Amino acid sequence: SQQGEEDPQALSIQEGENATMNCSYKTSINNLQWYRQNSGRGLVHLILIRSNEREKHSGRLRVTLDTSKKSSSLLITASRAADTASYFCATDNKAAGNKLTFGGGTRVLVKP
Amino acid sequence: NAGVTQTPKFQVLKTGQSMTLQCAQDMNHNSMYWYRQDPGMGLRLIYYSASEGTTDKGEVPNGYNVSRLNKREFSLRLESAAPSQTSVYFCASSEAPGGSPLHFGNGTRLTVT
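Residue numbers (our numbering), protein chains in the order written: chain A, 690 to 801; chain B, 15 to 127.
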């Protein structure tokens with residue numbers, strides 16, 4: 690079963706625009722992580738946000754966490770063609786024995 | 015640093031054949047994981063090893079076995095491959111279970127005919 694569910698499943702934007710994707714989850718978490726996967730490659734860790742944090746930034750990435758709504762968002766500002774990838778959220782929760790559970794991902798296409 | 019290395023990159027098996035997927039990490043991480051990725055399903059945990067000498071089942075362990083050979087290496091074995099095991103398999107490692115970021119290999123693409 691998937692703890693995190695990303696929305697939308699796919700997103701197409703022009704270079705320079707912002708991309709926003711959301712992740713919803715079902716049970717209480719210790720932390721939530723976002724990963725990127727380029728075609729044919731493994732996942733790369735982007736950012737980790739703990740349950741007691743509300744917002745985190747890393748370069749052009751901004752992640753928010755709303756534990757009351759059990760949701761998180763990933764914003765990529767001023768997107769580039771190189772941001773074309775699939776993005777996954779993953780939750781770490783006690784119910785899953787502190788193992789990461791991944792969502793189905795959002796496919797992002799940035800058109801030059 | 016190589017990070018997490020998986021071999022082979024591609025494999026085609028016939029139903030009933032066996033094979034072992036190899037994984038090694040050079041980051042001195044304690045925890046290692048095997049995931050499978052299927053279209054539209056995200057990643058699902060097959061087995062994990064929280065530390066050297068321990069292994070535990072994940073979400074989809076049926077049809078698989080694992081061995082944590084030492085701190086660096088964690089192998090995944092398919093004893094009798096089935097078409098339902100056609101997937102992309104990813105090995106990952108982390109400093110500790112739970113809150114640490116995962117470092118992934120580039121995957122093994124397995125087709126079972």
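Any given hint might turn out to be false.
For the chain A half of the interface with chain B, some residues (derived, Cβ under 10 Å), not all of them [to be verified]:
hint, residue
1, 695
2, 737
3, 798
4, 799
Hints in this document: simulated from the structure, not taken from any laboratory. The structure presented is a predicted model; accordingly, all values stated were derived computationally and were not measured. Where a beta carbon is used, it is the ideal one built from N, C-alpha and C, also for glycine.
A quick look at each hint next to the structure:
1. 695: 9 Å, holds
2. 737: The hint holds - residue 737 of chain A has a Cβ within 10 Å of chain B, the shortest such distance being about 6 Å.
3. 798: Because about 17 Å separates residue 798 of chain A from the closest Cβ in chain B, which is outside the 10 Å limit, the hint is violated.
4. 799: Cβ of residue 799 of chain A sits 22 Å from chain B, so the hint is violated.
Hints 3, 4, counting from the list given before, are not met by this structure.
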